[in-house]
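Working from the sequences, and respecting the hints, build out all of it.
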Amino acid sequence: MKTRGGEKKECSLRTKRVYKELRELSTHFSEVNDFKMAKAKATTLSPFFYQTTSQRELEELLNELIIILGSIMVAGIILLAMAIAFLCCLPGYVRAFRKHLPAHGSSPLLPLLTHSYRTLIYNYPTLFTLSIISGAASTAKIIGYDRIISYMCSVFGIAVNLYVAMYQIVISIISIHRFINSRQPEAFRSTLSRKNVIVLMVLVFLVFFIRDMGMMTWLIVCFANGQFRMLYTVLKYYLMTYVTHQVLLFIGMAFEFSLGSDMAASHSERVISKQIKAIGCVKLVLFILAGTSIITNIHTVLAEFLFYSVDVFLVPLVIEITEMSTTNVIKATEFRKEHIKV
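Mapping the sequence shown onto full-length UniProt numbering, position 239 (from 1) lands on 239, and the numbers just tick up by one.
Do not take every clue at face value.
To be verified - Using C-beta positions, here's what the derived DEER-type ranges look like:
1) Phe257 - Thr114: 25 to 33 Å
2) Val202 - Ile77: 34 to 42 Å
3) Ser106 - Thr327: 17 to 25 Å
4) Ile298 - Ile251: 26 to 34 Å
5) Leu203 - Ala224: 26 to 34 Å
6) Leu206 - Gly157: 14 to 22 Å
Hints listed in this document are in silico derivations from the structure and should not be mistaken for laboratory results. Remember, it's a predicted structure, so these values are computed and weren't measured experimentally. We treat Cβ as the ideally placed atom computed from N, Cα and C, and that holds for glycine.
Below you can see the structure in the form of structure tokens.
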């Protein structure tokens with residue numbers, strides 16, 4: 001015989017089972033209802049919805065790629081025209097520099113000018129020659145030689161890039177020194193020596209060498225580890241340092257305009273003054289165009305590419321033109337000490 005307590009327990013167990021089955025049925029029906037709603041929503045969409053979306057994305061990417069390639073081609077044509085102009089002006093620059101060499105000989109800026117002369121007549125023609133040979137070797141599929149020539153071409157390219165960066169900063173510092181020196185009383189004015197110029201060139205060269213080698217090391221590490229997101233950060237820091245160096249160039253240009261060309265004490269100072277004015281004006285215009293293009297999102301790639309890469313041919317071309325156009329040579333007077341005969 002079952003007791004009343006046992007019957008109550010069985011009833012409670014039965015009710016719990018019934019509630020459990022009802023919950024399972026309700027969850028099942030809700031899942032079926034959600035599935036039907038999702039199916040109905042999917043059937044209402046066009047069968048080519050996802051296909052057209054992917055096609056639109058591909059078309060947008062292709063259009064962006066075409067715009068980027070077109071901008072790079074336009075910038076390449078501009079740089080090629082500057083390179084041809086550089087080669088055309090090179091013989092005239094060599095004749096003018098040799099003609100003005102006696103006037104440069106008494107200037108403390110002679111190490112900087114002679115270094116520029118050697119770079120322009122040796123490194124740049126060698127770089128152009130190796131680039132042509134490398135392109136011909138890769139086209140003819142000459143295995144082995146194309147890699148060696150491309151490595152040599154990259155070495156000369158790095159050397160030219162370092163020279164261009166070093167030259168801009170050195171002439172900027174010289175212009176700032178001239179401006180500060182002109183504001184001092186004559187008793188407190190100091191003149192640069194050739195040793196000061198050489199030390200300045202070496203220090204600036206080492207700074208840019210460490211910067212470029214560090215960037216190349218980080219790029220190799222990012223490619224080796226597959227950290228492609230870090231590439232944007234590395235390039236961002238590199239471009240930020242480049243912009244800060246250009247700001248120093250703009251400051252030197254402003255000081256030169258405030259001094260005027262009459263303040264030049266020698267032919268070398270007059271040439272340097274013209275060079276920093278020309279380079280600074282061109283880079284300032286490109287800087288404004290790059291900033292405007294970034295804000296308006298119009299031809300951003302073209303403006304930025306020109307601003308960051310035009311230095312390679314702008315600096316030597318300006319050096320050639322200023323040396324050839326400066327005809328009124330200032331001859332420095334030399335003072336000789338003679339013993340007084342008693």
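Each hint, compared with the structure:
Checking the proposed 25 to 33 Å range against phenylalanine 257 and threonine 114 shows it holds: the Cβ atoms sit about 27 Å from each other. Valine 202 and isoleucine 77 have their C-beta atoms about 37 Å apart, which keeps the hinted 34 to 42 Å range intact. Between serine 106 and threonine 327 the beta carbon distance is about 19 Å. The supplied range of 17 to 25 Å therefore holds. For the pair isoleucine 298 and isoleucine 251, the supplied restraint of 26 to 34 Å holds, since their beta-carbon distance comes to about 29 Å.
Checked against the given bound of 26 to 34 Å, the beta carbons of leucine 203 and alanine 224, roughly 32 Å apart, stay inside it. Here the CB-CB span from leucine 206 to glycine 157 is close to 19 Å, well matched to the stated 14 to 22 Å.
Consistency with the previously given hints is maintained throughout, with no hint failing.
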